Amino acid sequence: MGRTGQPWVIVLAAGEGKRLGSLTRGKGVRPVPKQFCAFCNEKSLLELTIERASRLAPVERIVPIVAEQHWPLWRIQLARIPPENIVAQPVNRDTAPGILLPLMRVLGRDPSARVVILASDHYVEDEEVLGGALATVAGGDEGGEEDAVTLLGFTPDSPDTELGWIIPRRVAGRRVHPVAAFVEKPAPHWAQILMEHGALWNSFLFAGAGQSILRLYEGVLPQLLGSFQFALGTRGGEWLPWRVEALYDDLPSRNFSREILQRAVRHLRVLPVPPCGWTDLGTPERVFEFLAHRETGGEPRLSGPALWRKHVEVPQALEELSATS
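Everything in the sequence shown is counted per our numbering, starting at 202 for the first residue and increasing by one.
Since the hints were made in silico from the structure, they are not lab data. It cannot be assumed that every hint is accurate.
To be verified - Taking lysine-lysine pairs in the DSS-like style, the calculated list, with each CA pair at most 25 Å apart, reads:
1. K511 - K386
2. K219 - K511
3. K244 - K511
Since this is a predicted model, take the numbers as computed values, not measurements.
Construct the complete structure from the given sequences, taking the supplied hints into account.
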């Protein structure tokens, strides 16, 4: 049975854009992270993600996490979001702290919240297919256990070696399946085997009861969780900025996928998602492949950089925006 009430949506938008820095830097000193760029669209990836989140919850329940130093960009692109919902981290300590900080903000307001986690650097051609899958896990209607965290696993169309893979333990007659294992960036022959045997691309999109996600931290990274609770209070909620800065000063970088998900497999489920044109625009090579496909159906007539200049709109450099603010 589905849960009642609307979910909360956490949008991960604090990435620094280092891997695409050579493309997004432009004339500025610092690169513009890709979530603020528009790919074959008049709207940026972040703005498209906020629209995706808005189909699941009202803006009052959308909580983006951003980097303080990117404020000239996100203050414009997140204009619809209530200011008190925007969580700004002082420095990047990878994805485990980057998810825990907004999660504590949500649970401080709504201890029984159901939470959806969305990345802001994905492009999707068929929003209806993805939206249907997100609505299923957002409402808890996938038929999994009450305390499980459910990931979206995308049906692959190629043996990709740059993505993580999820091996499901498929159960006949079930929409959602237990996770058997994760495989990170497999060699080409292993990626082909994974694809042939029904493995799924790991999208890093997931949902669950907020308390269930918190228990993943408690079981695997209790010291990290304890640091947050000591600095911000066990209930989270609203904090003074200096408390977050003091917390992050001594905080280690910890990766959510590698250090939590891969060590908490027995608490995870996966919902297979049909092909929907999902792309993780994480590397220059993937971006060029995506742009070539959009341009000519997979037969590029332009070089990668030329495709970038034609199809991608990069905002003003951060230095220029700061100077005019």
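These are the hints, each one checked on the structure:
1. Only pairs whose Cα atoms come within 25 Å are accepted, and K511 paired with K386 is rejected, the gap being roughly 30 Å.
2. Between the alpha carbons of K219 and K511 the distance comes to roughly 21 Å, so the proposed pair stays at or under 25 Å and holds.
3. About 15 Å separates the Cα atoms of K244 and K511, which keeps this hinted pair within 25 Å; it holds.
Hint compliance for this structure: hint 1 alone is broken.
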